[in-house]
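Asks: Sequence:
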Amino acid sequence: MYNENRKTMDKNIIISIKTILLTFLIAIGIYIVYRLGPIIGLFLFALLLVFAIEPLVKKLMQQTIVNRKVPRSLAVIVSYVLLISVIALVVTIWLPPFLNEAQKLIKNLPKILGSVDLGDNFNLASVLPQASAVSGGILTATFSIFSNLTSIFSVFIMALYLSMDWPNLKRRFVSLFPTKAEDAVLETIDDIEINLGHWLKGESILMLVVGLGCFVGLLWL
9 MYNENRKTMD KNIIISIKTI LLTFLIAIGI YIVYRLGPII GLFLFALLLV
59 FAIEPLVKKL MQQTIVNRKV PRSLAVIVSY VLLISVIALV VTIWLPPFLN
109 EAQKLIKNLP KILGSVDLGD NFNLASVLPQ ASAVSGGILT ATFSIFSNLT
159 SIFSVFIMAL YLSMDWPNLK RRFVSLFPTK AEDAVLETID DIEINLGHWL
209 KGESILMLVV GLGCFVGLLW L
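Going from the sequence shown to my numbering is simple: count from 1 and add 8.
All the given hints hold, so there is nothing to weed out.
Calculated pairs, DSS-like style, for lysine-lysine (alpha carbon to alpha carbon, straight line, at most 27 angstroms):
# : residue 1 : residue 2
1 : 209       : 77
2 : 178       : 209
3 : 178       : 66
4 : 66        : 209
For each label pair, taking beta carbons as the anchor points, the in silico distance ranges come out as:
#  : residue 1 : residue 2 : range
5  : 41        : 71        : 34 to 44 angstroms
6  : 51        : 196       : 13 to 23 angstroms
7  : 43        : 220       : 43 to 53 angstroms
8  : 200       : 114       : 36 to 46 angstroms
9  : 41        : 108       : 33 to 43 angstroms
10 : 70        : 215       : 26 to 36 angstroms
11 : 193       : 228       : 47 to 57 angstroms
12 : 196       : 49        : 16 to 26 angstroms
13 : 72        : 26        : 55 to 65 angstroms
14 : 44        : 161       : 13 to 23 angstroms
Please keep in mind that the hints were generated in silico from the structure rather than gathered at the bench. Where is the CB? At the ideal position from N, CA and C, for every residue including glycine.
Based on the sequences and whatever the hints tell you, model everything.
Replies: In structure tokens form, the structure reads like this:
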């Protein structure tokens with residue numbers, strides 16, 4: 009009886025130690041993820057960019073130059089050069105007039121609101137500071153987004169390197185799963201690539217149509 013009780017106590021002690029160690033390791037893992045949050049976020053953005061641009065890379069690799077298929081490295085470089093060129097063109101055209109008009113709006117907002125008759129129950133004095141604060145916050149956020157060039161550059165560099173070795177990375181990732189599940193995992197990754205590519209193409213067309221429509225409408229007004 010004594011030996012059985014002794015074994016039960018030892019077993020309970022071992023289980024308790026394992027539970028404490030597991031809890032401690034989980035806490036350390038959460039702390040590491042918290043501390044590396046910005047880096048992990050940049051990596052996830054880079055991974056999303058890789059998924060979205062992979063269909064274009066595959067399409068370029070199917071083309072032939074001097075009776076030879078386009079190598080993956082060249083297809084990746086051309087794809088990212090095209091993407092960066094489009095983004096730079098859009099920012100160059102859109103950003104300066106947007107900032108200029110935003111500054112004019114903030115400067116003239118009290119005069120605009122003061123000329124609007126909204127009745128006796130409307131307290132303009134309480135609205136003006138809030139409107140100015142909101143407008144200033146929007147402008148500050150816009151400057152913050154476009155001034156953080158280091159993060160944007162890091163995302164593109166990580167995405168470029170991931171795209172260069174993407175087939176090998178996919179094979180290594182798939183090999184982590186059981187053999188019977190490898191085909192399903194690879195098919196899921198391919199579906200994600202195709203769907204994200206279609207989503208990016210659709211959003212680009214939608215933004216182009218909406219932007220041109222707004223430009224024509226406001227120009228006419």
